[in-house]
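Asks: Sequence:
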Amino acid sequence: MSEKHLVCQGAVCMCKFGTAPDKLKVKSQQVHYINDKDGAEKPLANTKDIGQPFEANTFGSCKKMNSSPCKPAVTAWSGFYDKVVLPGGSNILLEDSKATCAIGGKDCIEITFHGQTADMTKKDAEKADKEVQTHLNPMVDVQKVEEDLFLIQLPQGQPF
0 MSEKHLVCQG AVCMCKFGTA PDKLKVKSQQ VHYINDKDGA EKPLANTKDI
50 GQPFEANTFG SCKKMNSSPC KPAVTAWSGF YDKVVLPGGS NILLEDSKAT
100 CAIGGKDCIE ITFHGQTADM TKKDAEKADK EVQTHLNPMV DVQKVEEDLF
150 LIQLPQGQPF
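Taking numbering that gives the first Met the number 0, I'd label the letters of the sequence shown as residues 0 to 159.
Just so you know, the hints here were simulated from the structure itself, not pulled from any lab data. A virtual CB, placed ideally from N, CA and C, is assigned to each residue, including glycine. Wrong hints could be hidden among the right ones.
[Stated by the list, open to error] Here are the simulated SDA-like cross-link-like pairs (lysine to any residue), alpha carbons at most 20 Å apart as the crow flies:
1) K105 with E146
2) K26 with K63
3) K15 with T74
4) K24 with V11
5) K126 with K105
6) K97 with E146
7) K105 with T18
8) K15 with V84
9) K126 with K97
10) K22 with N56
[Stated by the list, open to error] Label-pair ranges, simulated between beta-carbon atoms:
11) G87 with S60: 26 to 36 Å
12) V131 with I102: 28 to 38 Å
13) G88 with A39: 20 to 30 Å
14) N65 with G38: 37 to 47 Å
15) P20 with H134: 15 to 25 Å
16) K22 with K105: 31 to 41 Å
17) P86 with V11: 24 to 34 Å
18) N136 with I102: 16 to 26 Å
19) P20 with A101: 16 to 26 Å
20) D118 with T74: 29 to 39 Å
21) A75 with T116: 25 to 35 Å
22) L135 with S60: 41 to 51 Å
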């Protein structure tokens, strides 16, 4: 896979004939999640996300349609990860996958951001070398961050 990010819900896409980006909304499945410790917000994007798999379902004005409002119609994806086949026969999208639009043509929609984000957990804070973190982030009180993460993860009403 050569260090390419997998794509999930919230990925930012842009059509080369449009004027604005739109975010990918995974509608094809709600079973496989990535970059989401609770498995609730970032379903894995795949080749079955066709039709209008976007939040706003527009890339602004379409240059192919004389600046009329864009209404993307994804018919296929290319550049996907073909080494894994999800149930239902779909493949996982990669950050350099491209979509074909019925209006814009082959590979006119690109993924500009894969959708994954870094999220620090209590476990990450516990593993961090406090001395190194103090040098890297002199404005951050590492001990306070760790305490805050501990308090956030306690069930309400539970004393620590």
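Asks: Checking each numbered hint in turn, tell me which of them this model violates, lowest number first.
Replies: Violated hints: 1, 2, 5, 6, 8, 9, 12, 15, 16 and 18; rest satisfied.
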